[in-house]
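Trainee: Listed here are the chains, written in short residue letters.
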Amino acid sequence: ELKVEQNPLFLSMQEGKNYTIYCNYSTTSDRLYWYRQDPGKSLESLFVLLSNGAVKQEGRLMASLDTKARLSTLHITAAVHDLSATYFCAVDRRGGGADGLTFGKGTHLIIQP
Amino acid sequence: EPEVTQTPSHQVTQMGQEVILRCVPISNHLYFYWYRQILGQKVEFLVSFYNNEISEKSEIFDDQFSVERPDGSNFTLKIRSTKLEDSAMYFCASHRDRSSGANVLTFGAGSRLTVL
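So the protein sequences, as listed, match chains A and B. Number 65 in the working numbering belongs to position 65 of the first sequence; there are no gaps in the numbering. Number 38 in the working numbering belongs to position 38 of the second sequence; there are no gaps in the numbering.
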């Protein structure tokens, strides 16, 4: 059974601090996806990591992928309140064309002033 | 920017009733999905659909569920006889193809189903 595990599941942090969210997965997939969900809203694609060693950055968020360790990280630099949301990582369900994604449980991030 | 449109945004129904949730995927997308999210929990795969047939379905997608693409634009999810545990947010998603090397799904805003 494909497993995607995130930690922490809940994170409360202060503005200006740095933190990392971890995503471990059990498949041999070399692709990993990060999504953001605001309360009561849909999922928004943040990053797609397509190969081992891939690193992508957007503003205060940086995602990386280590396929050998089956680990991805989402690093938050100098957090601001607007980054408060739930962050999901996901992997391909299978290698085929219409496989969709399997998601982790999400990390609920609260950033306090 | 193209988007996936879902209706209704919220539906309240009595247990045992049939519900149809509708989605209009992005027009040039080829792969379609339904996911559900029980309040505060993970996003769970239900079914994928390509070339007018189901490609894969999860164990959640039992005989009470069905999908169809009746007219080339709408993509519907039907729950034949709703149960209390079907209460959730249902997300439709789509993507074009795998030529980019990635399976990046575009999600709709969701349909919240409440079963009483």
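Because the hints were derived from the structure by calculation, they are not lab data. Using N, Cα and C, we set each Cβ at its ideal position, and we do this for glycine too. Take the hints with a grain of salt, since some may be wrong.
[To be verified] Interface residues of chain B toward chain A, partial, derived using beta-carbon atoms under 8 Å:
hint: 1; residue: VAL24
hint: 2; residue: ILE38
hint: 3; residue: PHE45
hint: 4; residue: GLU56
hint: 5; residue: LYS57
hint: 6; residue: PHE65
hint: 7; residue: SER87
hint: 8; residue: PHE91
hint: 9; residue: LEU105
hint: 10; residue: PHE107
hint: 11; residue: GLY110
Trainee: Hint by hint, say whether it matches the structure.
Mentor: Cross-check of the supplied hints:
1. Look at B/VAL24: its Cβ only gets to about 14 Å from chain A, farther than 8 Å, so that hint breaks.
2. The beta carbon of B/ILE38 comes no nearer than 11 Å to any beta carbon in chain A, farther than 8 Å, and the hint placing it at the interface is violated.
3. Interface hint at B/PHE45: satisfied, since its Cβ lies 5 Å from the closest Cβ of chain A, which is below the 8 Å cut-off.
4. Of the supplied interface hints, the one on B/GLU56 holds, with its beta-carbon coming within about 7 Å of a beta-carbon of chain A, less than 8 Å.
5. With a cut of 8 Å, the hint placing B/LYS57 at the interface with chain A is violated, because the nearest CB-to-CB distance is about 10 Å.
6. Among the interface hints, the one on B/PHE65 is violated; its C-beta lies about 15 Å from the nearest C-beta in chain A, farther than the 8 Å criterion.
7. For B/SER87, the interface hint is violated, the least distance from its beta-carbon to any beta-carbon of chain A being 15 Å, above 8 Å.
8. Look at B/PHE91: its Cβ gets to within about 6 Å of chain A, closer than 8 Å, so that hint holds up.
9. Checking B/LEU105 against chain A: minimum C-beta separation of about 6 Å stays under 8 Å; hint holds.
10. For B/PHE107, the suggested interface contact is upheld, since its CB lies about 5 Å from the closest CB of chain A, less than 8 Å.
11. A hinted interface residue such as B/GLY110 counts as satisfied when its beta carbon comes closer than 8 Å to some beta carbon of chain A; here the least separation is about 6 Å, so the hint holds.
In the structure shown, a violation is registered for the earlier hints numbered 1, 2, 5, 6 and 7, in ascending order.
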